[in-house]
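4 protein chains.
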Amino acid sequence: MNNEIDLSKHKIRTDLAIETLPSMENLDTYIKDEQIKVTSLHVDSKLSQEIGKKEGTYITIEFDDVTDYDNREKVGQTLEEEIKKMLDDKKITPQDECLIIGLGNEKSTPDALGPLTIKNVLVTRHLFLLGTNVKEGIRKVSALSPGVMGNTGIETIDLIKNIVQTIKPSFVIVIDALAASSIERVNKTIQMTDSGIEPGSGVGNSRKEISEQILGIPVIAIGVPTVVDSSTIVSDTINYLLKHLSYIKDNYSRNKLIVTRSNYLEKIKNSNLSKNEKEEVIGMLGTLSEEEQKKLIIEVLEAINYNMIVTPKEIDYLIEKLSDVISSALNNALHKEITNY
Amino acid sequence: MNNEIDLSKHKIRTDLAIETLPSMENLDTYIKDEQIKVTSLHVDSKLSQEIGKKEGTYITIEFDDVTDYDNREKVGQTLEEEIKKMLDDKKITPQDECLIIGLGNEKSTPDALGPLTIKNVLVTRHLFLLGTNVKEGIRKVSALSPGVMGNTGIETIDLIKNIVQTIKPSFVIVIDALAASSIERVNKTIQMTDSGIEPGSGVGNSRKEISEQILGIPVIAIGVPTVVDSSTIVSDTINYLLKHLSYIKDNYSRNKLIVTRSNYLEKIKNSNLSKNEKEEVIGMLGTLSEEEQKKLIIEVLEAINYNMIVTPKEIDYLIEKLSDVISSALNNALHKEITNY
Amino acid sequence: MNNEIDLSKHKIRTDLAIETLPSMENLDTYIKDEQIKVTSLHVDSKLSQEIGKKEGTYITIEFDDVTDYDNREKVGQTLEEEIKKMLDDKKITPQDECLIIGLGNEKSTPDALGPLTIKNVLVTRHLFLLGTNVKEGIRKVSALSPGVMGNTGIETIDLIKNIVQTIKPSFVIVIDALAASSIERVNKTIQMTDSGIEPGSGVGNSRKEISEQILGIPVIAIGVPTVVDSSTIVSDTINYLLKHLSYIKDNYSRNKLIVTRSNYLEKIKNSNLSKNEKEEVIGMLGTLSEEEQKKLIIEVLEAINYNMIVTPKEIDYLIEKLSDVISSALNNALHKEITNY
Amino acid sequence: MNNEIDLSKHKIRTDLAIETLPSMENLDTYIKDEQIKVTSLHVDSKLSQEIGKKEGTYITIEFDDVTDYDNREKVGQTLEEEIKKMLDDKKITPQDECLIIGLGNEKSTPDALGPLTIKNVLVTRHLFLLGTNVKEGIRKVSALSPGVMGNTGIETIDLIKNIVQTIKPSFVIVIDALAASSIERVNKTIQMTDSGIEPGSGVGNSRKEISEQILGIPVIAIGVPTVVDSSTIVSDTINYLLKHLSYIKDNYSRNKLIVTRSNYLEKIKNSNLSKNEKEEVIGMLGTLSEEEQKKLIIEVLEAINYNMIVTPKEIDYLIEKLSDVISSALNNALHKEITNY
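Residue numbers (this note's numbering), protein chains in the order written: chain U, 1 to 341; chain R, 1001 to 1341; chain C, 2001 to 2341; chain F, 3001 to 3341.
For the record, the hints were derived by calculation from the structure and aren't laboratory data. A portion of the hints provided could be inaccurate.
Calculated cross-link-like contacts (lysine to aspartate or glutamate; reagent style EDC-like; alpha-carbon spacing at most 20 angstroms) [stated by the list, open to error]:
no.: 1; chain 1: U; residue 1: K313; chain 2: R; residue 2: E1198
no.: 2; chain 1: C; residue 1: K2135; chain 2: R; residue 2: D1064
no.: 3; chain 1: F; residue 1: K3161; chain 2: F; residue 2: D3096
no.: 4; chain 1: C; residue 1: K2119; chain 2: R; residue 2: D1068
no.: 5; chain 1: C; residue 1: K2084; chain 2: C; residue 2: D2324
no.: 6; chain 1: R; residue 1: K1107; chain 2: U; residue 2: E106
no.: 7; chain 1: R; residue 1: K1090; chain 2: R; residue 2: D1044
no.: 8; chain 1: R; residue 1: K1037; chain 2: R; residue 2: D1065
no.: 9; chain 1: U; residue 1: K135; chain 2: U; residue 2: E337
no.: 10; chain 1: F; residue 1: K3119; chain 2: U; residue 2: E320
no.: 11; chain 1: C; residue 1: K2336; chain 2: R; residue 2: D1070
no.: 12; chain 1: F; residue 1: K3135; chain 2: U; residue 2: D65
no.: 13; chain 1: F; residue 1: K3188; chain 2: F; residue 2: D3070
no.: 14; chain 1: U; residue 1: K107; chain 2: U; residue 2: E320
no.: 15; chain 1: C; residue 1: K2208; chain 2: C; residue 2: E2198
no.: 16; chain 1: C; residue 1: K2321; chain 2: C; residue 2: E2081
no.: 17; chain 1: U; residue 1: K321; chain 2: F; residue 2: D3324
no.: 18; chain 1: F; residue 1: K3119; chain 2: U; residue 2: D68
no.: 19; chain 1: C; residue 1: K2336; chain 2: R; residue 2: D1068
no.: 20; chain 1: R; residue 1: K1107; chain 2: U; residue 2: D324
no.: 21; chain 1: F; residue 1: K3046; chain 2: F; residue 2: D3028
no.: 22; chain 1: R; residue 1: K1336; chain 2: C; residue 2: D2068
no.: 23; chain 1: R; residue 1: K1119; chain 2: R; residue 2: E1097
no.: 24; chain 1: F; residue 1: K3321; chain 2: U; residue 2: E320
no.: 25; chain 1: C; residue 1: K2336; chain 2: C; residue 2: E2097
no.: 26; chain 1: R; residue 1: K1135; chain 2: C; residue 2: D2070
no.: 27; chain 1: U; residue 1: K32; chain 2: U; residue 2: D65
no.: 28; chain 1: U; residue 1: K119; chain 2: F; residue 2: E3314
no.: 29; chain 1: F; residue 1: K3074; chain 2: F; residue 2: D3033
no.: 30; chain 1: R; residue 1: K1135; chain 2: C; residue 2: E2073
no.: 31; chain 1: C; residue 1: K2321; chain 2: C; residue 2: D2064
Computed spacing ranges between beta-carbons, pair by pair [unchecked claim]:
no.: 32; chain 1: U; residue 1: D89; chain 2: R; residue 2: E1184; range: 47 to 55 angstroms
no.: 33; chain 1: C; residue 1: Y2069; chain 2: R; residue 2: E1184; range: 32 to 40 angstroms
no.: 34; chain 1: R; residue 1: K1119; chain 2: C; residue 2: E2136; range: 28 to 36 angstroms
no.: 35; chain 1: F; residue 1: D3088; chain 2: U; residue 2: D70; range: 20 to 28 angstroms
Stretch by stretch, here's where chain C covers chain F in the computed footprint (C-beta under 8 angstroms, at least three residues) [stated by the list, open to error]:
no.: 36; segment: 3103-3109
no.: 37; segment: 3234-3244
no.: 38; segment: 3286-3297
no.: 39; segment: 3315-3329
In this text the structure is predicted, and so the values were computed from the model without any measurement. All C-beta atoms in this analysis are idealised placements derived from N, C-alpha and C, irrespective of residue type, glycine included.
Kindly produce the complete structure, drawing on both the sequences and the hints.
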């Protein structure tokens, strides 16, 4: 039956380029630290077609945790280095003026990453305007949180285009909260790219993108996935359910559900079920590929119009720490004369 | 297989008493308005055992929407009347002093209902303390948001017990964000009860409850479900998936997935599948009762330790409007001399 | 000596046109209510030269108090009526699109009036954009708080000019916190004018003004004085000091300073001192006119670079109530189909 | 005339012990850095009577500026060292549990120092409660902002007493915004004392104090003056006015007011006027001592009931940086295992 269902129109929602790759092979990855992995992905026009992400370089920093002070510092230093490398790659000099834009809704915790980051970036443009004697090594930087259309009534990209025309910066850095397709990456990944950003992407309205093509100057987007799509949690659960049920079937003669929490996840991860086993346990669902299954779930969720956010319980704390990491890294990478750590 | 799995330990998470009832029959319900339904439920000791909710009266106000100004006003008036009735039932007089407590985390949008409500309640106790000439009809009211343990390091109930001992109010009103087990009720239900409240309930630690037994004075809890448990969204989706797949099978010879959004939900709601059909489509899962299915999902989610919040995308706006409704209703019900609408 | 000091360059800082008038005669004033006085002042080119305020109509609403609910409601209704009248005068129809701008710094309490008001105005422009079916009588409204240059690095007027060019509204309403030259008016006056506004006015940089001349569409500015200049408090104190000392001299043989607080202010207000008495008590200072005295104080304060705000202690509460009054009046005046009271 | 006026009841409002001293001689002062001066003052029972400050040790850290990152870091390190010394002096060990209290009103910018600091202190008590494996070197710390009576209706000290009884910490650290009597010290001084604190001090209600006597455990108060009393700005201005007028008289034959801003303050600071000169310029006012003059100003301000705050224009920025400095210093001084810089 599955080959007759047309699921191709359903896009799995993720803002992380890395999650759209069919394979992680041939990626330029280095392990900076036991806890930090940096992956560099170049999307050319061919790959762009395949994975539905725009052409450009995508730097992905993956880490375990930012609740620990030491980790946070290391993640921040890594991000700082990567920002500096990207500025070099884009031939941006210390004299070039920067506009930082914090996208998102300050009043909705998982969407507040941009506005919170803006609060702690060092803004200096007005000092130059006012003729203040600014220390050497300090770049001309302005910063703005344009809000969200639901609160302003104005399309964000329209606001940004005009600000860029008004203050004529040499380049733009955009900060935004993203969506991931896997829960493990939420709040544990920073993506930086020169390909631009589409606020509320996935909607597929390219008119709304903030990018070098649209603005005429380099645009560096820095984002952290802070939510997963509803379909992710459903799909993940069904997959683990499948493995869980099979595991029970195989390991317990009494067929009782006795879960020993420690390492359980590790154990069932390795349960590979045959197609027959899958079909027995979750019927027709088991005959679909993982991608087909997920698209089917999206189909259902969209049909029943469930417009939900899925985010970790401690999101308020994580957002605060992540915005600290990004604002510090930005301050250190953009200006020569300050050290924030 | 299902009768061999021991799922009884898994509680479906809901703070709404009405959602735990096996049947809605015999409930004292009245329709105040086309859009507003008020249900009064008395939980006696027998029912308390059955549904796992504490003894007491539960008033449930269900409504369509608070984004519309007119609706909001009607919901507020209904709540005001119900608060007044409950004050009468508990023999609370206009001279009795009230302490209002806003539970929850102001920095996490769906958990901010309590603190936001506190910001708009009329506080008067200090005017009496300072000997100000207070208008007749104004009650002595104090209000506090004790924060959450993750931010203060202190158990909320310990703080509250001591505040009650210090200022010795005649009764306490507690405002909190709740969890529902069905998405349809999120932000569309207000529950008021005299049975007390357990912050972070479902954990089953009765030492932590805020109730008349613990505090020795009447405790009226007013809550709105602002989140659903992760298991709800998974379980709802699987149910609709089941109906969806069956519907397709029955209605489309080509077996293509062509969903006409309008009224789709209504259509598939009525698709009742036979046990065989269910088993065919989702295998062993289909043989479980809805409750068993849900518990199994909780089992899996807990095993893989997914600690997520599921909440509507426009939660920031809804929380603000709901806290306005509650604070206005409280101000009008507690004091004779003000009208807030 | 005084006639030799050149004080003409020192401007007494006030944003209220009414405070710059040499006399209150010939003003069109009506008493709406015992507590509310509305004054309409037309500044023509001649008067503009004299008082240093731009040409246009200035509506001044003076009231006692907004801490009382009833008063607040009356002030709100008065403002609503005056806004409607001004819209009519400016030939603005219900079809005309409005952009509301909240000037000021949200993080500095006395400067937060604009941003706080914006939070509660009804924004609808995006509903029209998205093709939502909007009720008749609802106007197209967008709203924005552009922040302050110290936080964004961008001149506010530059941001506003571009937003106006982008979204092309028919008229603009600007909300801002003002400075008064008399403490009695702080938080007790609303000024509305069609003459535009200069953020951080008094600085005298007309390039920065937000006005019909600059934007090409009607600009209605609504402001409330929330601070007084440091010079005001010094000058007021010296004046009362003068009266106080004279009063003591006249009334107490023992020359002891025994102040009976009740009605004291009333009593000494009427103490009119002769020039000789003044000179005896405060020397050369006493020989200056009130205006000269004030300018001298400004001279000194500027020389010693005291860059201070003077504001009432309960400013946080007052700002909140005042922003409620303004946002409600705006919502009611701009849209036909809502009633906010 | 001045010796007949009874001004003794008027207290010059300052929370800084150092400002109440008749002389700065015999103080234990060291210059930590060109920009940072640390003064240690021990108030014994005799001095306590004289200056009206409670017995105890007062550490005063004076600095130029916290808007500069480097300065901020140095001030933070100095405060950290002084906190550690005071903990040692009070025989507080790393095992002793700490409760940190942030006094003040979060919504009023100059009063928000306490609540803002609390937001960034590391809270750990709940981790011990929950049996989490806490790293060695981490102290048990809880933290709370009790709000202000105007918002809660509850006296702050009542709340604090009960929290102390409930959670039984070994010592308390209180953070509060203070008032200074000289503008030069505002936002440029940190005072730490073991003598306790009176929220809204100067009112002279000792029942309200938070101190070791009241709570039975050591209380360390850390404060920064963020406002000056209205009387300060009036009195300062009159003094400079006096010098200014004399300076003009002496230096300009034309008697014109030509102020060259640069170094003007320095120049007139050294203008010492004879009593006769003073009397000529500001009359009877000139015959009063500086203290008498100030008390007379307070007399007048109180009589006319001016209840104003005087604070620098950029207070929002300064409060943020100062709370960062204090929270970092606290985190580093209280826990061994973290470094915040």
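Each hint tested on the structure:
1. At roughly 18 angstroms between alpha-carbon atoms, U/K313 and R/E1198 fall within 20 angstroms of each other, so this suggested pair holds.
2. As the CA atoms of C/K2135 and R/D1064 are separated by approximately 18 angstroms, the hinted pair is consistent with the 20 angstroms bound.
3. For the given pair, F/K3161 sits about 18 angstroms from F/D3096 by alpha-carbon distance, which is consistent with the 20 angstroms threshold.
4. Proposed proximity of C/K2119 and R/D1068 is supported: the alpha carbons are some 17 angstroms apart, at most 20 angstroms.
5. Distance check on the hinted pair: C/K2084 and C/D2324 sit about 18 angstroms apart at the alpha-carbon level, within 20 angstroms; holds.
6. Taken as a hint, the R/K1107 and U/E106 pair is honoured in the structure, with Cα atoms around 10 angstroms apart against an allowance of 20 angstroms.
7. For a cut-off of 20 angstroms, the pair hint linking R/K1090 to R/D1044 stands: about 17 angstroms separates their Cα positions.
8. At roughly 12 angstroms between alpha-carbon atoms, R/K1037 and R/D1065 fall within 20 angstroms of each other, so this suggested pair holds.
9. Restraint check for U/K135 and U/E337: the C-alpha separation of about 8 angstroms stays at or below 20 angstroms, so the hint holds.
10. For the hint pairing F/K3119 with U/E320, the CA-to-CA distance comes to about 11 angstroms; that is within 20 angstroms, so the pair holds.
11. Taken as a hint, the C/K2336 and R/D1070 pair is honoured in the structure, with Cα atoms around 14 angstroms apart against an allowance of 20 angstroms.
12. At most 20 angstroms may separate the alpha-carbon atoms for a hinted pair to count; F/K3135 and U/D65 meet this at roughly 16 angstroms.
13. Note on F/K3188 and F/D3070: the hinted pairing holds, with a Cα-Cα distance of about 15 angstroms set against a maximum of 20 angstroms.
14. Between U/K107 and U/E320 the alpha-carbon distance is near 13 angstroms, which keeps this suggested pair within the 20 angstroms criterion.
15. Simply put, C/K2208 and C/E2198 have alpha-carbon atoms about 6 angstroms apart, close enough for the 20 angstroms limit, and the pair holds.
16. For the given pair, C/K2321 sits about 19 angstroms from C/E2081 by alpha-carbon distance, which is consistent with the 20 angstroms threshold.
17. Of the supplied pair hints, the one linking U/K321 and F/D3324 holds, its CA atoms being roughly 14 angstroms apart against a limit of 20 angstroms.
18. Of the supplied pair hints, the one linking F/K3119 and U/D68 holds, its CA atoms being roughly 17 angstroms apart against a limit of 20 angstroms.
19. Using a Cα cut-off of 20 angstroms, the hinted pair C/K2336 and R/D1068 holds, with the two alpha carbons roughly 15 angstroms apart.
20. Our distance criterion of 20 angstroms between C-alpha atoms is met by R/K1107 and U/D324, whose separation comes to about 16 angstroms.
21. Distance hint between F/K3046 and F/D3028 is fulfilled; the C-alpha atoms sit about 18 angstroms from each other, no more than 20 angstroms.
22. This hinted pair checks out: R/K1336 and C/D2068 have alpha carbons roughly 15 angstroms apart, not beyond 20 angstroms.
23. About 19 angstroms separates the Cα atoms of R/K1119 and R/E1097, which keeps this hinted pair within 20 angstroms; it holds.
24. Using a Cα cut-off of 20 angstroms, the hinted pair F/K3321 and U/E320 holds, with the two alpha carbons roughly 17 angstroms apart.
25. Between C/K2336 and C/E2097 the CA atoms are separated by roughly 14 angstroms; this keeps the pair inside 20 angstroms, and the hint holds.
26. A hinted pair counts as satisfied when its Cα atoms are at most 20 angstroms apart, and R/K1135 with C/D2070 qualifies at roughly 13 angstroms.
27. At roughly 15 angstroms between alpha-carbon atoms, U/K32 and U/D65 fall within 20 angstroms of each other, so this suggested pair holds.
28. Only pairs whose Cα atoms come within 20 angstroms are accepted, and U/K119 paired with F/E3314 is accepted, the gap being roughly 15 angstroms.
29. Pair hint F/K3074 plus F/D3033 holds up; C-alpha atoms about 8 angstroms apart against a cutoff of 20 angstroms.
30. The suggested pairing of R/K1135 with C/E2073 holds, with an alpha-carbon distance near 18 angstroms, which does not exceed 20 angstroms.
31. Of the pairs offered as hints, the one joining C/K2321 and C/D2064 holds, with about 13 angstroms between alpha carbons and a cut-off of 20 angstroms not exceeded.
32. At about 50 angstroms, the CB distance of U/D89 to R/E1184 agrees with the hint of 47 to 55 angstroms.
33. One distance hint, 32 to 40 angstroms for the beta-carbon pair C/Y2069 and R/E1184, holds here, with the actual separation near 36 angstroms.
34. Between R/K1119 and C/E2136 the beta carbons are some 34 angstroms apart, a value that agrees with the proposed interval 28 to 36 angstroms.
35. At roughly 27 angstroms, the beta carbons of F/D3088 and U/D70 sit within the given window of 20 to 28 angstroms.
36. Proximity of the segment 3103-3109 of chain F to chain C, defined as three or more residues with a beta carbon under 8 angstroms from a beta carbon of that chain, is established by the 4 residues found.
37. Interface restraint, the segment 3234-3244 of chain F with chain C: holds (7 residues with C-beta to C-beta distance below 8 angstroms; minimum three).
38. For the segment 3286-3297 of chain F, the proposed coverage by chain C is satisfied: 3 residues have a C-beta within less than 8 angstroms of a C-beta in that chain, meeting the threshold of three.
39. Look at the segment 3315-3329 of chain F against chain C: 4 of its residues bring a Cβ nearer than 8 angstroms to a Cβ of that chain, three or more, so the hint holds.
Violated hints are absent here; each numbered hint is respected by the structure.
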